[in-house]
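Chain A is already provided as a structure; the job is to place chain B on it using the hints.
For the record, the sequence lines run as chains A and B.
Under the working numbering, the residue at position 286 of the first sequence is numbered 286, and the numbers go up by one with no gaps.
Under the working numbering, the residue at position 49 of the second sequence is numbered 433, and the numbers go up by one with no gaps.
Source of the hints: derived by calculation from the structure; they are not laboratory data.
Keep in mind it's a predicted model, so treat the numbers as computed, not measured.
Please note that the accuracy of each hint is not assured.
As the list claims (entries may be wrong) - Restraint ranges, calculated between C-beta atoms of paired labels, are given here:
1. ASP314/A x GLY413/B: 52 to 58 Å
2. HIS67/A x ARG387/B: 25 to 31 Å
3. THR118/A x ARG465/B: 25 to 31 Å
4. GLY360/A x THR386/B: 43 to 49 Å
5. GLU298/A x VAL447/B: 48 to 54 Å
6. ARG387/B x GLY209/A: 39 to 45 Å
7. ARG403/B x THR118/A: 28 to 34 Å
8. GLY294/A x GLY413/B: 46 to 52 Å
9. GLU461/B x VAL208/A: 42 to 48 Å
10. ASN453/B x GLY22/A: 47 to 53 Å
11. HIS441/B x ASP23/A: 54 to 60 Å
12. ASP460/B x ASP330/A: 38 to 44 Å
To be verified - Covered, in the sense of this in silico footprint (three residues per stretch, anywhere, with C-beta under 8 Å from a C-beta of chain A), are these stretches of chain B:
13. 440-448
14. 451-457
Glycine included, every Cβ here is placed at the ideal spot set by N, Cα and C.
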Amino acid sequence: MTLPTAARQYRAVGQRSGIDVGDPWEAIEACYARGWTDGLPVVPPTDALVDRMLAAGPWATGDVLLHEPVRDRAVTAEKAAINAVMAGCRPEYFAVVGAALQAIGDPAFMLHGPATSTGGSALMVIVNGPIAGRLDLNAGANLFGPGARANATIGRTLRLVLLNCLDCRPGVLDKSTQGWPGKYSLCFAEDEAQSPWEPLSVSRGVPVGRSAVTVYAAESGHNVLSHGTGDPERLLACFADALAGLGSLSPGRSVVVFAPEHAQHLRRAGWTRPRVQQWLYDHAWRSLADLKRGGKVEPAFYTNPDLVDWLYRDAPGGRPEPPPAPEDADRAAPADEAVRVHRGLGPQDILLTVGGGAAGGHSAFFPSWSRGRSVPFVTKEVPA
Amino acid sequence: MTRILDPTLADAAGPAALRRAPRPRALRGLTVGLLANGKSNGMALLDGIVERLRERHGIGEVVRAAKTNASAPVSDEDTERLAKRCAVVVTAIGD
Numbered sequence: 001m002t003l004p005t006a007a008r009q010y011r012a013v014g015q016r017s018g019i020d021v022g023d024p025w026e027a028i029e030a031c032y033a034r035g036w037t038d039g040l041p042v043v044p045p046t047d048a049l050v051d052r053m054l055a056a057g058p059w060a061t062g063d064v065l066l067h068e069p070v071r072d073r074a075v076t077a078e079k080a081a082i083n084a085v086m087a088g089c090r091p092e093y094f095a096v097v098g099a100a101l102q103a104i105g106d107p108a109f110m111l112h113g114p115a116t117s118t119g120g121s122a123l124m125v126i127v128n129g130p131i132a133g134r135l136d137l138n139a140g141a142n143l144f145g146p147g148a149r150a151n152a153t154i155g156r157t158l159r160l161v162l163l164n165c166l167d168c169r170p171g172v173l174d175k176s177t178q179g180w181p182g183k184y185s186l187c188f189a190e191d192e193a194q195s196p197w198e199p200l201s202v203s204r205g206v207p208v209g210r211s212a213v214t215v216y217a218a219e220s221g222h223n224v225l226s227h228g229t230g231d232p233e234r235l236l237a238c239f240a241d242a243l244a245g246l247g248s249l250s251p252g253r254s255v256v257v258f259a260p261e262h263a264q265h266l267r268r269a270g271w272t273r274p275r276v277q278q279w280l281y282d283h284a285w286r287s288l289a290d291l292k293r294g295g296k297v298e299p300a301f302y303t304n305p306d307l308v309d310w311l312y313r314d315a316p317g318g319r320p321e322p323p324p325a326p327e328d329a330d331r332a333a334p335a336d337e338a339v340r341v342h343r344g345l346g347p348q349d350i351l352l353t354v355g356g357g358a359a360g361g362h363s364a365f366f367p368s369w370s371r372g373r374s375v376p377f378v379t380k381e382v383p384a
Numbered sequence: 385m386t387r388i389l390d391p392t393l394a395d396a397a398g399p400a401a402l403r404r405a406p407r408p409r410a411l412r413g414l415t416v417g418l419l420a421n422g423k424s425n426g427m428a429l430l431d432g433i434v435e436r437l438r439e440r441h442g443i444g445e446v447v448r449a450a451k452t453n454a455s456a457p458v459s460d461e462d463t464e465r466l467a468k469r470c471a472v473v474v475t476a477i478g479d
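Here chain A stands alone, though its shape is the one from the complex (with noise of 0.2 Å):
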């Protein structure tokens, strides 16, 4: 029996398809009746605007810019800028728009899992390099936040991707239990001036004054307050305690956004980016006891040896002889007061960047998707 190799195969772009409304207002609700928005009027993407924003990138109409490999799905650059039109994009944001869906279809991203689950996580970008500044992508007070343009309509980009080329429809193919409003856009540029270290593109390999995207696969931020310290191990104690709060722990990754005030004692104590990664990764831990007292440790976990090298890397004499059953996940032993069982694997699953307004104690923790491993952070540069 031979395959069907012609699913890796895609019908050539042709003629455009589309609907012929009356007014602008027509337009809108038109999209909103055939379910292409994400719940926000859209801006009608006419083939002129469409035109415009393709113009503006590096790509041919019909370049791929993400491929989903598990449902064989292609996104090419004009199906990316009709999105990008109704997001409510300028032209000059589709080479970040560009970059950001190369990131998110890059096949170690696993886009599947993170667009479907029912953890429900928003597609983070973090903006580098000049490009920031030329579009006015905001990175200092309220970054998360209203207000910003290329912030607001760079991250909508891609949920509208997601829904209307993925289809990644809530409660269909999206099932996420409950989401979170970053899963309208979540796009933030980090504040290079403020922060004590190397701009994150250049720790994660992308040449010096050049401008890339970092992706990641959130769950919602939570805010980390300190005001009353300026000594690194105090301030820095007050993350380690929010990394390892029972509900999110997990062997997967995280991000933290340094506010500059806490990014400011960080540099005047002259503490590194691997330093504080090191600090975070030592201290942001719960016993195993504690995991199993909050059914975090399941019975298919003692199957997994992943899973099992996770819970026991860090315990007293190492992995224990014999291995524990499936049965002993619920049953917290003496013995597992003593086994600390860190969130992620090392310190480099913890991305640090700056961002925020010049005042407040208010940094952010953003967890990675899923109980499990989560997926990589990805980088890309965006094109000049």
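For chain B alone, coordinates are given in the frame of chain A:
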């Protein structure tokens, strides 16, 4: 009159030439494939289904495949094995 463009993949791209396989009229004696999607209890759920399919429909051989990660595609090897050997395939997510 203004034209607005379709933002979905209904018109422009997508897997071409995919057709539904013909449906068997009965399951007796047929080889049934099981594809667990990679969540921890998918195969347990399929095991329960197989038991009932055996009782009620007298199915034949069973071929098992499991994704190692729910976010990843099925491997080409598993797709080929299931397609070659099975008359029907049942898939399950079991979380």
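We went through each hint and held it up to the structure:
At about 53 Å, the beta-carbon gap between ASP314/A and GLY413/B stays in the expected band of 52 to 58 Å. Our hint of 25 to 31 Å for HIS67/A and ARG387/B holds, since their Cβ atoms are close to 28 Å apart. Our hint of 25 to 31 Å for THR118/A and ARG465/B holds, since their Cβ atoms are close to 29 Å apart. A hinted range of 43 to 49 Å holds for the C-beta pair GLY360/A and THR386/B, which are about 46 Å apart.
A beta carbon spacing of about 27 Å between GLU298/A and VAL447/B contradicts the range 48 to 54 Å that was offered as a hint. At about 42 Å, the beta-carbon gap between ARG387/B and GLY209/A stays in the expected band of 39 to 45 Å. Distance hint for ARG403/B and THR118/A: a CB-CB separation of about 32 Å, consistent with the stated range 28 to 34 Å. In this structure, GLY294/A and GLY413/B meet the distance hint of 46 to 52 Å, their C-beta atoms being roughly 49 Å apart.
One distance hint, 42 to 48 Å for the beta-carbon pair GLU461/B and VAL208/A, holds here, with the actual separation near 43 Å. The given range of 47 to 53 Å is respected by ASN453/B and GLY22/A, whose C-beta atoms sit roughly 48 Å from each other. Between HIS441/B and ASP23/A the Cβ separation comes to about 58 Å, which falls inside the hinted range of 54 to 60 Å. Taking the beta carbon of each, ASP460/B and ASP330/A are about 39 Å apart, inside 38 to 44 Å as hinted.
With 0 residues having a Cβ less than 8 Å from any Cβ of chain A, the region 440-448 of chain B misses the three-residue criterion, and the hint is violated. By the rule of at least three residues with a Cβ nearer than 8 Å to a Cβ of chain A, the coverage given for the region 451-457 of chain B holds, with 5 such residues.
Going through the hint list in order, the structure does not satisfy hints 5 and 13.
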